[in-house]
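Those protein sequence lines, which keep their order, are chains G and U. Going from the first sequence to this note's numbering is simple: count from 1 and add 21. Going from the second sequence to this note's numbering is simple: count from 1 and add 222.
Accuracy of the hints is not assured; some may be wrong.
[Stated by the list, open to error] No more than 20 Å apart at the CA atoms, straight line, and that leaves these computed lysine to any residue pairs for SDA-like:
hint, chain 1, residue 1, chain 2, residue 2
1, U, K447, G, M211
2, U, K447, U, N503
3, U, K447, G, Q213
4, U, K266, U, A251
Keep in mind the hints are simulated off the structure, nothing from the lab.
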Amino acid sequence: MFHKLELPLSRDKVRELAVGDMVTLDGDITVSIGLPTHQRMAQAVADGQALPVDLRGGAFFHLSTFVQETADGPVPLYMNPSTSTRYNAWMPSLVRGLDLRLTGGKGGLDAACVQALRDTGCVYLSFLGGGAPLLSRGLRRVVSSHWNEYISQFRLLTLNVASLGPATVAIDAHGNSLYDQLRDQAQARMPQLLQRLETDRKASL
Amino acid sequence: MAIDSATLQRVTAQLYERSLKKIPDDTRAVLQRAETAETGTTGKHTLKIMLQSADAAQQGNELVCTDVGIPTYSIKIGTRVQFDGPVREAITRGFADLVQHIDPPILKMVTNPLTHARSYAGKDMPLLSFDVIDDADYMEIVCAPKAMGTGRWEAIDAFVYPTLEQIERFVLDTVLRAGSQPCLPIVVGVGIGGTFDYAARLAKESVLRPFGRTNPEPILAAMEKRLLDAINGMGFGPMGTGGDASAMAVHIDYAASHGFVPVAVCFNCWINRRTAARIYNDGRVEDLNW
């Protein structure tokens, strides 16, 4: 199913999304691929401190972005996803503590994160790695940029986007993860694949 | 005649930039065939937007991926080649100059592993490996920027008198461990034998091999085919969200070794960054158009 999503999303709308659905996004998203950024965000959650941008009910993605400073202000030049699993350690506390509705990047998140997404009503979106030319067409403007002492892709950056995507719902808010399903499927297929390798090997020698 | 540093600086920088903005022609053709053959709805759509992305990057002189990786060059120098200046310094200058002028600008990906500080420069950067080609009057340069999406899942292990079955199991286990996380469909490079470092180098050079060349070793030609079928049978599919196309090719090379046999497995993502050129002693530059 295809969904044209207007942000911010209600929890009910998020629960309508199922793995395999494709979506585009309109509205404001916040992005960062910085490990120090994630650590700092998680520390703020743990300390009960507010982040410089209010992410409650919002969208936070592992998308890397180059922002060029111009006379007219900051301009986002391009955007592309990064591997999400390296943020596994922090994402459960960010999903719960910030009450996120959408997160994403590429490659998925681990079981603890899937549980957090299920508990709070949040989905994970898979963006196309190597999709910078297409994803960048969805960029409209920089809404805000915080923690600017970091390099561009590590900043806490809020962007306004239009028809951003398409992205695939890869983990839904009901505990279904395409990644878990596909890993389990691949593991289940291994004995059969190894048997076929042996048969083919014997035939080729 | 001699190869001058300015040419080397210019060509290596151009190879890096081209690898970021255009996928190889053979890779596009394989993705196109995969898109035609794909039976999964999500996989088919994902392959379609991959092709659109690659075409848009080429037409618009854009980056295919924002993770431009770290610059790496595999260089083979003909024994009849002469240089009129520095080699390593020229390549380093080429990269430094490129990051100042490339449009669009690239993100900082070169990371100090001890401090995690990021910049455009760092110790041993760009990464260079050298070999020789006997009696040639040219140098051959392959540029393959290496990013995190695939680099993180590569593996090496040392076996003792391994069977073909053990080697194949190790390759499959490495692909299974990577699962949906690299940007599939990937190219899988395998190096068997030699020593620890040599096996890794064989794997790296294998992953960069152009598509469609039959392995001259029949045992490996057969292994490449059955491993490709097995990997695509896993079902991870394009971008790891399900489908038939998990790998575009498996390329394997080997070297004689002792009773201990290192086996290395490396990956390239679907954009399969690799460009190559030859620079001749007389100043000619030949684009190998990979």
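How the hints compare with the structure:
Using a Cα cut-off of 20 Å, the hinted pair U:K447 and G:M211 holds, with the two alpha carbons roughly 17 Å apart. The hinted pair formed by U:K447 and U:N503 fails the criterion: a straight-line CA distance of about 39 Å is larger than 20 Å. Only pairs whose Cα atoms come within 20 Å are accepted, and U:K447 paired with G:Q213 is accepted, the gap being roughly 17 Å. Proposed proximity of U:K266 and U:A251 is supported: the alpha carbons are some 15 Å apart, at most 20 Å.
Hint violations for this structure: number 2 only, all remaining hints satisfied.
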